[in-house]
Amino acid sequence: RKEVEQDPGPFNVPEGATVAFNCTYSNSASQSFFWYRQDCRKEPKLLMSVYSSGNEDGRFTAQLNRASQYISLLIRDSKLSDSATYLCVVNWRSGTYKYIFGTGTRLKVLA
Amino acid sequence: GAGVSQSPRYKVAKRGQDVALRCDPISGHVSLFWYQQALGQGPEFLTYFQNEAQLDKSGLPSDRFFAERPEGSVSTLKIQRTQQEDSAVYLCASSLVESSYNEQFFGPGTRLTVL
Numbered sequence: 001r002k003e004v005e006q007d008p009g010p011f012n013v014p015e016g017a018t019v020a021f022n023c024t025y026s027n028s029a030s031q032s033f034f035w036y037r038q039d040c041r042k043e044p045k046l047l048m049s050v051y052s053s054g055n056e057d058g059r060f061t062a063q064l065n066r067a068s069q070y071i072s073l074l075i076r077d078s079k080l081s082d083s084a085t086y087l088c089v090v091n092w093r094s095g096t097y098k099y100i101f102g103t104g105t106r107l108k109v110l111a
Numbered sequence: 001g002a003g004v005s006q007s008p009r010y011k012v013a014k015r016g017q018d019v020a021l022r023c024d025p026i027s028g029h030v031s032l033f034w035y036q037q038a039l040g041q042g043p044e045f046l047t048y049f050q051n052e053a054q055l056d057k058s059g060l061p062s063d064r065f066f067a068e069r070p071e072g073s074v075s076t077l078k079i080q081r082t083q084q085e086d087s088a089v090y091l092c093a094s095s096l097v098e099s100s101y102n103e104q105f106f107g108p109g110t111r112l113t114v115l
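Sequences listed follow chains A and X, in order.
Numbering-wise (our numbering), the first sequence opens with residue 1 and increments by one.
Numbering-wise (our numbering), the second sequence opens with residue 1 and increments by one.
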């Protein structure tokens, strides 16, 4: 089983739709969680960190469920510019800090 | 510079050739990571430096891969006797301190193609 798993998609949604991605992780000692966004042929960039209480940044909401070991990302009112790959990242300490990336979920927002 | 820079941006190598990939992290960033990203996959961890010390090299796929950061700033990833399976994008990332909550800032990557 992979340490961090995501549905690769693609998710094709119309503009204005709400879309949700899930990500599961296997290490119960995981300490921190992130969503990164990666545009085609570009580097990953931090979208948001995920806090235990859940957090929101504009149209984006991230949730963490430690008991079930998954995190989610909800995008409301999708824009064409949201089209990208969304990478789930989990961090734990094993000697040093390890950042484990999921394979990413591709989102395409259609006009 | 404002961000992480990497050079070259593209590298084509013949099988068996040695290559060296350079990373200039954000000035003052203590932590530096190298990742390998194959097409359609997420970045896979290769190695981690805290200043000049290589604290984790567990992700290096073989002894043909070697990384260094001798003065705690610029880092070089060297691949000896390249193979076709080494073809990938090599990403460098830096963060301010070693912490589980710190954002990693990525460079644009070096796209390596081994023929």
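Calculated directly from the structure, the hints in this document are not laboratory data.
Don't take each hint at face value.
Claimed, not checked - When the alpha-carbon atoms are kept at most 30 Å apart in a straight line, the in silico DSBU-like pairs for lysine-lysine are as follows:
1. K14/X - K42/A
2. K78/X - K2/A
3. K79/A - K42/A
- Query: Taken at face value, is the distance from the CA of K42/A to the CA of K14/X at most 30 Å?
  - Reply: holds (25 Å)
Does the alpha-carbon distance linking K78/X and K2/A stay inside the 30 Å limit?
-> holds (28 Å)
* Asked: Is the straight-line distance between the alpha-carbon of K79/A and that of K42/A 30 Å or less?
  -> holds (19 Å)
Taken one by one, the earlier hints all hold for this structure without exception.
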